[in-house]
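Student: Residue-level listing of the chains:
2 protein chains.
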Amino acid sequence: MKKIKIGLLGLGTVGTGVYKLIRMRSDVMERTIGAQLEIKKILVHNKNKKREGVDESLLTDNWKDILEDEEIQIVIEVIGGIEPAKTMILEALKAGKNVVSANKDLIAEEGRELLDTAQEYGKDFLFEAAVAGGIPIIRPLKQCLAGNEITDVLGIVNGTTNYILTKMFEEGMEFEDALRQAQKLGYAEADPTADVEGLDAGRKVAIMASIAFHSRVVFSDVYTEGITKITAADIAYAKEFDSVIKLLGVARNTESGIEVGVYPVMLPKDHPLASVRESFNAVFIHGDAVDDAMFYGRGAGEMPTASAVVGDVIDVARDLAYDCTGRISCTCYRQIPVKDFGEIENKFFLRMQVKNRPGVLAQIAQVFGGHKVSIARVVQKNVHLEKAELVIVTERVKERHMKDATEELKNMDSIYEISSVIREY
Amino acid sequence: MKKIKIGLLGLGTVGTGVYKLIRMRSDVMERTIGAQLEIKKILVHNKNKKREGVDESLLTDNWKDILEDEEIQIVIEVIGGIEPAKTMILEALKAGKNVVSANKDLIAEEGRELLDTAQEYGKDFLFEAAVAGGIPIIRPLKQCLAGNEITDVLGIVNGTTNYILTKMFEEGMEFEDALRQAQKLGYAEADPTADVEGLDAGRKVAIMASIAFHSRVVFSDVYTEGITKITAADIAYAKEFDSVIKLLGVARNTESGIEVGVYPVMLPKDHPLASVRESFNAVFIHGDAVDDAMFYGRGAGEMPTASAVVGDVIDVARDLAYDCTGRISCTCYRQIPVKDFGEIENKFFLRMQVKNRPGVLAQIAQVFGGHKVSIARVVQKNVHLEKAELVIVTERVKERHMKDATEELKNMDSIYEISSVIREY
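If you're matching them up, the sequences are chains A and B in order.
Numbered according to the UniProt record's numbering, the first sequence spans residues 1 to 425.
Numbered according to the UniProt record's numbering, the second sequence spans residues 1 to 425.
Simulated from the structure, these hints should not be mistaken for laboratory data.
Fair warning: there could be bad hints in the mix.
Here are a few chain A residues that sit away from chain B, every Cβ distance over 12 Å (derived from the structure) [said to hold, decoys possible]:
| hint | residue |
| --- | --- |
| 1 | 30 |
| 2 | 58 |
| 3 | 64 |
| 4 | 80 |
| 5 | 81 |
| 6 | 95 |
| 7 | 121 |
| 8 | 189 |
| 9 | 225 |
| 10 | 254 |
| 11 | 359 |
| 12 | 366 |
| 13 | 389 |
Below are the DSS-like pairs computed for lysine-lysine, each with C-alpha atoms no more than 25 Å apart in a straight line [what the hints assert, rightly or not]:
| hint | chain 1 | residue 1 | chain 2 | residue 2 |
| --- | --- | --- | --- | --- |
| 14 | B | 5 | B | 94 |
| 15 | B | 94 | A | 167 |
| 16 | A | 239 | B | 239 |
| 17 | B | 269 | A | 167 |
| 18 | B | 50 | B | 20 |
| 19 | A | 239 | B | 167 |
Note that this is a predicted model, so its numbers are computed, not measured.
Ideal Cβ positions, reconstructed from N, Cα and C, are used throughout, including at glycine.
All chains should be built: construct the whole structure from the sequences, respecting the hints.
Tutor: Laid out in structure tokens, this is it:
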């Protein structure tokens with residue numbers, strides 16, 4: 001019986017899931033792809049650590065054991081981070097091995113070099129698991145929707161923040177309490193910065209934008225803003241406006257360039273992304289032929305991520321059987337500039353605490369007018385003797401104009417505080 | 001410059017969309033797949049019919065013109081129906097051409113023969129457009145999720161009925177009024193039978209079940225029940241129960257065999273399928289590794305369907321470039337029996353008009369008990385002097401037991417009418 005031998009780099013959460021899933025499916029694979037999948041070696045940092053349910057004879061702490069093993073045709077990289085993952089992937093490709101990776105950090109930074117190397121050596125480099133975990137998104141974009149000009153990619157691609165925002169919305173919790181609950185349940189890490197500040201989502205949106213628009217977008221192109229400033233009061237307003245607040249990765253291909261950012265958005269309740277709850281992820285796209293489409297599922301976790309990795313491994317195995325590795329490589333054949341974020345237009349929701357006296361609204365309106373910001377709606381609430389809460393929703397205005405206007409407002413005597421600035425869909 | 005020549009069979013709505021989209025994308029294809037796509041000939045019934053925007057020199061009414069043209073490497077079949085589509089596809093494959101089809105009727109009946117022939121001749125036979133129009137679902141199931149044992153496939157795969165049910169739910173319309181509106185807007189045909197009776201959805205669910213469970217399911221295996229009996233009163237109860245009513249294609253792979261059917265279902269509002277509105281489609285799946293996932297988008301229409309067809313064509317073009325056509329063929333390597341529908345267990349919502357007098361409920365409960373139907377909930381409403389409305393929700397019971405119980409209830413003196421029997425999720 002034919003066997004396809006695999007080297008697994010890393011045995012953390014995802015690596016363990018991949019190990020389990022490949023063993024579970026080893027037999028049926030023979031019938032789907034005509035070969036058994038066999039993990040021959042596993043690269044770990046510490047060979048002596050006790051690992052439940054893992055065949056210890058497969059473990060090695062020497063990368064060369066895998067790189068120089070000519071039987072190994074597929075390398076699965078689930079170490080994460082830039083180095084040593086990058087060097088290992090490049091060496092594996094150059095040694096004639098195909099590579100499957102779940103490494104969003106690396107691909108969002110160095111995807112081009114990895115894909116170019118794979119193409120040069122005629123090998124597969126697949127990374128479905130790097131974006132939105134188990135949800136099929138890379139292959140749909142590269143293959144199923146290849147006949148489209150994709151103009152919009154909107155994604156809830158971070159489960160931690162979606163869990164927190166769901167708790168805030170459904171149970172009226174404040175951010176800090178929801179975060180603590182997420183940490184208790186293992187949805188958030190002890191240091192939650194990468195999640196709650198939108199960095200994790202930013203890496204994923206860079207990868208999706210590159211593939212959707214056929215033009216390289218890297219993480220440093222992505223404006224990121226997290227959810228730490230969102231309060232229960234903002235959520236209450238969102239409800240009043242028949243909306244929800246979601247942390248969205250937003251990428252648009254416009255006539256003046258690519259717009260790309262991650263930030264909280266007030267989204268109408270009937271938008272398909274609005275009903276994505278708990279730690280689920282979803283990616284919404286718009287293409288000129290397909291119209292709107294959305295892909296929903298588990299964006300992280302041991303087995304969902306393993307599902308995406310093993311799907312890629314099976315695809316490589318089919319390419320090996322048909323001698324066509326390298327069949328789908330880099331599809332970034334364009335060079336579209338990424339727009340300066342200040343030039344992007346958005347609608348804004350502003351909530352501020354102001355002095356309760358005549359003429360304040362006129363002053364504020366004048367500041368906005370001076371910065372070319374048109375006001376669509378004003379609501380005054382929570383009026384007290386000295387203080388009132390003012391909510392202003394703008395028309396679509398340039399980010400830089402909005403920023404200048406809020407800077408000026410902050411310095412006004414009649415404004416105690418600008419409590420929140422949230423973009424509207 | 002390399003050109004890949006295509007023969008297009010049929011120039012109806014989908015055919016015209018495919019023609020337009022391939023021409024729109026002809027140039028960029030050179031950069032993604034290294035070849036231009038060119039429609040060389042189009043098979044039509046009537047060559048002399050006036051067709052806006054179509055190069056008339058491509059039209060032919062003679063199938064042999066395409067079959068015997070050795071330059072044509074890809075045949076796109078968008079005629080629909082069993083014959084002559086089946087014969088043409090088989091002849092094309094045997095003549096060494098690859099085939100892309102959007103023909104759900106044919107694939108739901110004869111998929112095995114077509115796929116086996118493609119495999120025998122080492123050619124691609126792809127049909128992403130045959131299920132859920134523009135939504136990527138076949139390729140995600142066959143590739144991205146190939147590492148999973150899929151246990152559940154639930155689909156809203158008919159836009160006409162979803163539009164009608166949305167109008168009934170959101171605007172309180174009766175079925176007939178919503179149908180008329182759908183017909184006026186072109187969402188429903190003059191003879192809406194195939195849509196409203198669940199036949200169209202039944203074909204799609206047969207195809208999806210086959211792929212998801214790796215075992216052939218044909219249309220005649222699928223129990224179908226439409227939405228013509230759903231009333232505004234049922235919808236009002238659904239709202240009261242925090243649910244919606246959707247026409248679902250349901251396929252499950254259980255230890256005792258495959259369960260497959262199409263019928264209206266009361267679905268809790270927080271299920272991802274519940275928020276699929278208007279004529280949109282969505283397919284929800286559960287796999288042992290990926291957990292829950294859902295694919296949402298346009299299930300029909302000229303350009304969304306063309307999007308799926310052209311995605312397949314581009315995939316064939318890549319296989320041609322790498323000399324690996326036939327790379328993914330039939331994946332039905334199992335033979336799992338399809339269960340008799342009577343043996344399937346479901347929960348039921350029953351609404352009935354009964355005589356308003358003591359002892360009636362006891363009589364009804366006795367009938368249910370005699371047929372092994374456990375009652376979970378009883379609500380009495382709209383009580384008049386002579387008549388009352390009784391709503392009963394059952395526990396999970398066998399379809400045949402439920403059928404026997406309702407037959408007996410129908411003949412009871414104290415029951416005027418069984419107004420509706422709807423399955424609950």
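Student: Residue 58(A): least C-beta distance to chain B exceeds 12 Å?
Tutor: The claim holds: residue 58(A) sits with its nearest Cβ about 19 Å from chain B, beyond 12 Å.
Student: Taking the closest pair, is the beta carbon of residue 80(A) still more than 12 Å from chain B?
Tutor: Residue 80(A) is indeed farther than 12 Å from all Cβ atoms of chain B, at 20 Å.
Student: For residue 95(A), is the shortest CB-to-CB distance to chain B above 12 Å, so the non-interface label stands?
Tutor: holds, 21 Å
Student: For residue 189(A), is the shortest beta carbon distance to chain B beyond 12 Å?
Tutor: Given that every Cβ of chain B is farther than 12 Å from that of residue 189(A), nearest at about 21 Å, it holds.
Student: Starting from residue 94(B), check that the Cα of residue 167(A) is at most 25 Å away, please.
Tutor: Measuring from Cα to Cα gives roughly 58 Å; hence the hint is violated.
Student: Over 12 Å to the closest beta carbon of chain B is the bar; see if residue 121(A) clears it.
Tutor: About 15 Å separates residue 121(A) from the closest Cβ of chain B, which puts it past 12 Å; holds.
Student: Taking the closest pair, is the beta carbon of residue 359(A) still more than 12 Å from chain B?
Tutor: holds, 44 Å
Student: For residue 254(A), is the shortest beta carbon distance to chain B beyond 12 Å?
Tutor: Holds: least Cβ distance 18 Å, greater than 12 Å.
Student: Please settle this one: residue 389(A) was flagged as non-interface, so is its CB more than 12 Å from every CB on chain B?
Tutor: It holds; residue 389(A) is separated from chain B by about 31 Å at its closest Cβ, greater than 12 Å.
Student: Would the pair residue 5(B) and residue 94(B) pass a check requiring their Cα atoms to be no farther apart than 25 Å?
Tutor: Roughly 17 Å between the alpha carbons, so the hint for residue 5(B) and residue 94(B) holds.
Student: Is it true that the CA of residue 269(B) sits at most 25 Å from the CA of residue 167(A)?
Tutor: holds, 18 Å
Student: With 12 Å as the threshold, tell me whether residue 81(A) passes as away from chain B on beta-carbon distances.
Tutor: At about 24 Å from chain B, residue 81(A) clears the 12 Å cut-off, so the statement holds.
In this structure, the hints that do not hold are numbers 1, 15, in rising order.
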